[in-house]
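> Protein chains in written order, with our numbering: chain A, 3 to 177; chain B, 2 to 206.
These are computed hints drawn from the structure, not numbers from a lab.
Predicted model only: the values in this text are computed from it and were never measured.
Note that the Cβ used here is the ideal one computed from N, Cα and C, for glycine as well.
Do not take every clue at face value.
Unchecked claim - In silico PhoX-like pairs for lysine-lysine, Cα to Cα no more than 25 Å straight-line:
(1) B:Lys-195 x A:Lys-118
(2) A:Lys-163 x B:Lys-71
(3) B:Lys-195 x A:Lys-152
(4) B:Lys-156 x A:Lys-166
(5) B:Lys-195 x A:Lys-112
(6) B:Lys-195 x A:Lys-99
(7) A:Lys-163 x B:Lys-156
(8) A:Lys-118 x A:Lys-99
Said to hold, decoys possible - In silico negatives: residues of chain B with every beta carbon more than 10 Å from chain A:
(9) Gly-6
(10) Val-40
(11) Thr-42
(12) Glu-43
(13) Glu-50
(14) Arg-62
(15) His-68
(16) Asp-83
(17) Asn-92
(18) Arg-129
(19) Lys-195
(20) Gly-205
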Amino acid sequence: MAPDTNNSTQVPIKQSEDKTLTLPLQIISQGDISRLTREVESLEEFFAQASIQAANAKTLPQASSMLTLINEENGLNILQKEDRLKIKQFLELIHTKAPIVHASFATEPKPDFLMKLTAWFRAEAHPYVLLETGLQPNIAAGCIFRTTNKYFDFSFREHFKASKAKLTASMRSPQ
Amino acid sequence: MNSWGLALVVGSLLATALAFVWVAMSIGGDKPGQAGEAVLTEAAKGDVEHIFNDEFREELRNSGRIHFEKIITENAMFLQQDLRLTTAQLNDYMKQEISKTLQEEFGKYEQSISDAKQLAIDSLEKTRSAIEEERQALRLTLEKEFQMERERLVKRFEDNMAEIINHYVLDAVGNEIDLNDQLEYILGELQANKAVIVEDIRSGA
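Please put together the full structure from these sequences, using the hints given.
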C-alpha cells in the first residue's frame, strides 16, 4: 500500500483559523457544503426581503437538518444576522480551504458508514476534512483513499497482491 | 536281384535243351558208310524206337517235367526269397532314404522356421525398440510440453492471481459484502497508515 502522489489544487487551510465553529459529522462532502451555502444565502435573501416587505412577511423557510445541526453544535441562531454571516463565512472557508479526501468504494456507502470514516479523519487528521466518495465496483471490497498528494489502496485487490506469496504458498501446499 | 534269378532259370533251361541236342547229334553223327550208315541208321532208329519208346519218352518227359518244375519251383523259391530280401532291403533302404530325406527336409524346414522365427523376432524386437524409442521420445516431448504449459499456466495464474481472486471474490460474494462489515478493516488500514495520511492532509491543509 505504498502511497502514490497525485496532483491536487486544494488551498491549504490552517487548523487554527476558525476554532469557534465545529463541523458536524453529518456534513461530509463538498456537495453538503454547497447545499448549506445556498441554503444560508436563500435565508439571507429571505430576511432581506422580509425587512423590505415587512407588511407582507412570509413564513420562515424550514431549515435543513444539516443547518440545524450546525446551529445546535455551535450555539448559533439563524434568525440572527451575525450568526448567519458567521455560518456563511465558515462555510465559504470550508468550501475553499478544507482538505478533501477522495474515497472509492465497491458499492454506494451508507451515510452512517461515511460518518464513521469522516469522524476518524476529523479526529486524527484535521477537524474540517471533507470526504468525496466514488464508485469502483472492480475493487470487490475495501476502499481506495486519495489525499492531497497520496494514494492509499486498501482494496482487497491490493491486499491480494501484497499477499501473493502467501496465496501462492497456500495453493502449492493445500491443507 | 530279380533279373539275375530270371536269367539263371532261363540259362538252366537253355543248357538242358542244348544237352538234348548234343545227345541227339552225337547219336546220329556216327555213320560208317552210306549203306552201313543207313543200316545203322535204321538199326539205331530201331534201337531208339526200342529204347526211347513211348513209355520211356513219357517217363523222360515226366522226369524232365518234374525236374523242370522242381528247378522252376526252386528258382521261384529263390526268386521269392530274393524278392523278399530285396523288398525288405528296398524297404529298409527306402525307409532310410525317406527318413533321411525327411529328416533333412524337416531339418531344413525347422531351420527355415527357426530362421523365419528369428527373423520375425528380430524384426519385432527392432519394431518394439523403435516403438519404445518413439514412445519415450513422445513421452519426453509430452512431459516437456505439459511441464511448459503447466508452468505457463501457473505463471499466468500467479501473475494475475490477485486479479483472479479479486474477480472471484467479486463474483462470489461481491453483493454480500457490506461496507459496514469492512469498517473495522478500513479503519485498521487507516490507523496503520495514519502517520502518512495525517502528514499529507496537514501539509496540504
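> Next, verify each hint and record whether it holds.
Verification of the hints:
Restraint check for B:Lys-195 and A:Lys-118: satisfied, since their Cα atoms lie roughly 15 Å apart, inside the 25 Å limit. Restraint check: the Cα-Cα separation between A:Lys-163 and B:Lys-71 comes to about 133 Å, which exceeds 25 Å; the hinted pair is violated. The straight-line distance between the Cα atoms of B:Lys-195 and A:Lys-152 is roughly 12 Å, inside the 25 Å bound, and the hint therefore holds. Our distance criterion of 25 Å between C-alpha atoms is met by B:Lys-156 and A:Lys-166, whose separation comes to about 12 Å.
For the given pair, B:Lys-195 sits about 23 Å from A:Lys-112 by alpha-carbon distance, which is consistent with the 25 Å threshold. Distance restraint check for B:Lys-195 and A:Lys-99: the Cα-Cα separation of roughly 21 Å lies within the 25 Å cut-off, and the hinted pair is therefore satisfied. In summary, the hint linking A:Lys-163 to B:Lys-156 is supported, as the alpha carbons are separated by about 14 Å, within the 25 Å threshold. Between A:Lys-118 and A:Lys-99 the CA atoms are separated by roughly 22 Å; this keeps the pair inside 25 Å, and the hint holds.
The claim that B:Gly-6 is not at the interface with chain A holds, since no C-beta of that chain comes within 10 Å of its own (minimum 107 Å). Against chain A, the non-interface label of B:Val-40 holds: every CB pair exceeds 10 Å, the least being about 156 Å. Remark: the non-interface label on B:Thr-42 is consistent with the geometry, its nearest Cβ contact in chain A lying 149 Å away (cut-off 10 Å). Residue placement check: B:Glu-43 keeps its beta carbon more than 10 Å from all beta carbons of chain A (closest about 152 Å).
For B:Glu-50, the shortest C-beta to C-beta distance to chain A comes to about 146 Å, beyond the 10 Å cut-off, and the non-interface label holds. Distance check on B:Arg-62: its Cβ is at least 130 Å (rounded) from any Cβ of chain A, clearing the 10 Å threshold; non-interface status holds. The claim that B:His-68 lies off the interface holds: its Cβ sits roughly 124 Å from the closest Cβ of chain A, which is beyond the 10 Å cut-off. At the 10 Å boundary, the C-beta of B:Asp-83 stays outside the reach of chain A, the nearest C-beta of that chain being 103 Å off.
No beta-carbon of chain A comes within 10 Å of the beta-carbon of B:Asn-92; the shortest separation is about 89 Å. The beta carbon of B:Arg-129 is kept farther than 10 Å from every beta carbon of chain A, the shortest such distance being approximately 40 Å. For B:Lys-195, the shortest C-beta to C-beta distance to chain A comes to about 6 Å, within the 10 Å cut-off, and the non-interface label is violated. Once the 10 Å rule is applied to beta carbons, B:Gly-205 is inconsistent with being away from chain A; the minimum gap is 3 Å.
Checked against the numbered hints above, the structure violates hints 2, 19 and 20; every other hint is satisfied.
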